[in-house]
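Fit chain B to the known structure of chain A by using the hints.
Number of protein chains: 2
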Amino acid sequence: MSGKYKVYFSNDFEKTLQNKNLKNSHLLVDRNIWNLYRNKIKNKYLSTKIITAKEANKSLEEVIKYIKFLLKNNIHKNQSITVIGGALVQDVGSFTAHILLRGINWIFVPTTILAMADSCIGSKSGINVGEYKNQVGSFHAPVAIYICPEFIQTLPESEIVNGIGEILKHGLIKGGTIFEKITEEVKNIRNLRVAGEVIYQSLLIKKQIIEKDELEKNVRKLLNYGHTFGHALEGYTDHKMAHGIGVLIGMDLANFISLKEKIMSTSNFNKIHNYIFPYISTYMVKVTDYNKYMKFLSRDKKATEGELNALLSERIGKVKIVRIKLDTKLKNYIKEYFNTYARR
Amino acid sequence: MSGKYKVYFSNDFEKTLQNKNLKNSHLLVDRNIWNLYRNKIKNKYLSTKIITAKEANKSLEEVIKYIKFLLKNNIHKNQSITVIGGALVQDVGSFTAHILLRGINWIFVPTTILAMADSCIGSKSGINVGEYKNQVGSFHAPVAIYICPEFIQTLPESEIVNGIGEILKHGLIKGGTIFEKITEEVKNIRNLRVAGEVIYQSLLIKKQIIEKDELEKNVRKLLNYGHTFGHALEGYTDHKMAHGIGVLIGMDLANFISLKEKIMSTSNFNKIHNYIFPYISTYMVKVTDYNKYMKFLSRDKKATEGELNALLSERIGKVKIVRIKLDTKLKNYIKEYFNTYARR
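Chains as they are written, first to last, in this note's numbering: chain A, 1 to 344; chain B, 1 to 344.
Bound conformation, chain A alone (with noise of 0.2 Å):
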């Protein structure tokens, strides 16, 4: 389960890592960050193991190969795992801190934005098994959280992108003016001080609904919202679509649903649009194979009897769960915002 834990926000890795806290401890670090950052990170911990973060890495079969690493390092009770990655690198870690030794302390150091503005609270972890997505996982938060906005500057255009649409979905959920703030912070998020802002921001959304729900009971589904028709479409691309930008199309649909059911208004829709469509536009997929993209929709965990749990919205801070049908009406809204919006 989770327990309590702080978020320290730092504008010095290098001083963040001789952190107390982050002694005594086994490493589990991203590829790319160990490449860049090693001089900084090397000799400082138990063990250390490097991951590629791809979607083959996130697996049961993954993990058990990590815990013979860590028990063979001689891991025990009083020791620590501490993940410097993205969220890929943490569901290993905070799965694997849950279920070893019946559990673990951990300490995450995320490292892209969606896991700095998303991820790194509310405790959950997903892992595959053989060819099913996210299926197996646990509550387990780390005893501590380290921000260094730093590793933004090495981030990869898409990867910015990709923490955009996590951002964005909580000032979508929340509204007001706190939305009106982050979306235009957004814009600077390359500027570090900017960053840490809406970072901040983005987090106290997401705690608020968190602390209210944290075994995703009823209010967190909110934070579902562009989920389930973003998982679909990076079921459908082979997870080749990366995780922000499935959930800033997802909403874009969501909402087009929304308007073609008179749950949102045309003014409201295009509104929204507007905010969205600039970041995905370059990474639309054209989906051409409308049954395929139905099988997936229909795999959704919310998905029962041939109807979903959809997140449609109303406005700017209304998200809402609406039970809809899994049919040939569904699939046409989708062809028709596909056709629409997909020029590609």
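Among these hints, one or two may not hold up.
Pairs count within a copy or across copies, as identical chains cannot be separated in the list.
Unchecked claim - With a straight-line Cα cutoff of 35 Å, these simulated DSBU-like cross-link-like pairs (lysine-lysine) come out:
#	residue 1	residue 2
1	329	77
2	65	49
3	77	320
4	77	133
5	292	49
6	217	65
It is worth saying that the hints were derived from the structure and are not from the lab.
Positioned in the frame of chain A, the structure of chain B alone reads:
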């Protein structure tokens, strides 16, 4: 985590299976139980997985296969797993239920005395990874436990003694008139009415301890009485020795060390030895390679830096944690114990 759950006693297994909790559920069942009771069990579940209760099947590698089987059978959040079997099948079912879909409900019908009188409560599971024993696990309580003493009728004698091991342990930790009552009752444990009574007493003692310390931070450690020395013996015999029998010998050996260390008086040692020994005399193992035994001892989760947090005892009702060195003196005590009591 564990949450609240109820233990129901039933004298009619077939009637128990009609309980609504056991509907809409996937079955994990011990192979012996399936062979003996299949006519009462079959056709009641969404899927049925039969498992042989052997150490090799209590592994993360096997859990992966079981999870794939359940996903193939479209297991869903609002369904459950029903486990019918002993402690090993419980480990597999409990851990699977914990990590699958980030935690689903499970129901337990324990079929051995050990599982009925001890392991069914307390939420713990232990899973092997490669050659590492019990290094992975979780705390995940069943939503309900159904104790049907009628299964005792088809247990082999060794399984009876196996269960008595943990029952006597609870009695020895608790002491007083409850200990006297338990030691009298276990003699007639084949009588199902008596069995129900002694199982209830045993669970009550364990319940009082784990309610004080669910995550084994302090007082719950007392439940490991006999386990450190017993586990090493289980390892030494390549897991041919049953757990409960290991615990019985482990308690007798812990008491012998307590005697040698002048923590326990000779009369107290003899008194307890006379309770324990009749159950273990035919299962006693002659240790010959003491370095090998010491190596297993040093692998204990509670062993650090050449020392052991041993559970020693002063008298009936007084078990305590004593930090002892894994040295030649200890090895000689152990040698003396086996030379004196293992005559085969």
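Using 35 Å as the alpha-carbon threshold, which applies to residue 77 and residue 320: within, between, both, or neither?
-> For residue 77 and residue 320, only the inter-copy Cα distance (21 Å) is at most 35 Å; the intra-copy one is 43 Å.
Taking 35 Å as the upper bound on the Cα-Cα distance, should residue 329 and residue 77 be classified as within, between, both, or neither?
-> between (54 Å within a copy, 27 Å between copies)
Go through the copies and call it for residue 65 and residue 49: within, between, both or neither, with a Cα cutoff of 35 Å.
-> So residue 65 and residue 49 pass the 35 Å test inside a copy (11 Å) and across (26 Å) alike.
First find the shortest C-alpha distance between residue 77 and residue 133 inside one copy, then the shortest across copies, and answer within, between, both or neither for a cut-off of 35 Å.
-> Both. Shortest intra-copy (30 Å) and inter-copy (15 Å) distances satisfy the 35 Å Cα cut-off.
Give the relationship of residue 292 and residue 49 under a CA distance limit of 35 Å: within one copy only, between copies only, both, or neither.
-> between (37 Å within a copy, 31 Å between copies)
Which holds for residue 217 with residue 65 at a C-alpha limit of 35 Å: within a copy, between copies, both or neither?
-> both (33 Å within a copy, 29 Å between copies)
Violated hints for the displayed structure: none, as all numbered hints are satisfied.
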